[in-house]
Amino acid sequence: IITYRLDRAILSTSNSQARAPTFKSWTYSGEIIRVACDDDEALAWLKKAIDDLKPWEDASLAVVSQDKLPNLTKASVWISEDVTNTSDDTKRVLRRLTAQNPDMSVARWCTFHHEAKTDPNGHLFVFGIGDEDMAVLKKRAMRLSYAFTSLTLKASKQKMEGTSSEPGTSDTRQPDTVTETETPVVPQQDDDHQMVVDEPCRGSTETTKAAASSSEEEMDA
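Numbering (full-length UniProt numbering), first residue to last: 1 to 221.
Do not take every clue at face value.
As the list claims (entries may be wrong) - With a cut-off of at most 25 Å between alpha-carbon atoms, the simulated DSS-like pairs for lysine-lysine come out as follows:
1) K91 <-> K54
2) K24 <-> K47
3) K139 <-> K117
4) K24 <-> K48
Keep in mind the hints are simulated off the structure, nothing from the lab.
Input sequences plus hints: build the corresponding full structure.
As structure tokens, this is what we get:
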């Protein structure tokens, strides 16, 4: 929806005397839209367009530099439960995780991937988690409280068991998935204006970021 709205904004410049902005590339990387602007004019246009953009109610878009975005670790978790309405299920899961894990900022986690499955029943989430919350999770053996059980997050570079033999814990094995841990990477292009739109990166489908860079630095949106 964001790219569609921005594309319509570009087309609208044909009805005015303003020069349409031009870009070198526009690609997705996880929840980030990475854009290389041709010049400062395109960068300025994109910043203004993002400021004016309201793709949905309560959407909050902002332009920030890449170096101010948090380093995120990808971690996945399998939640074994009945699947009903995918959208409602997602909101309910995130609300429960937020309420039952108050020592972490779960509401600010990126949701890189969500998949509802019916065989077996459950939800697979891949979150982007900041360094502070990762430190808390490591102290908690990568466990999250959820309903009347505990869930084990799985991240690469950490040999975490997918199941627990302790009473009161749930089976966190993930069907047909591969997990990895990494920081979202934006390739360096010293001579280009980098622009990145970061779609919901605060653990909510109602929050979006946008970013751009000057000719000597990268910017993420």
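Decide if the proposed pair is consistent with the structure: K139 and K117, CA atoms, cutoff 25 Å inclusive.
-> 30 Å, violated
Restraint status (C-alpha distance of K91 to K54 at most 25 Å) | Measuring from Cα to Cα gives roughly 21 Å; hence the hint holds.
Given pair status - K47, K24, alpha carbons within 25 Å | Holds, at roughly 16 Å.
Hey, K24 versus K48, does the alpha-carbon distance stay inside 25 Å?
-> Between K24 and K48 the Cα gap is close to 19 Å, so the pair holds against 25 Å.
When held up to the earlier numbered hints, the structure conflicts with hint 3 and nothing else.
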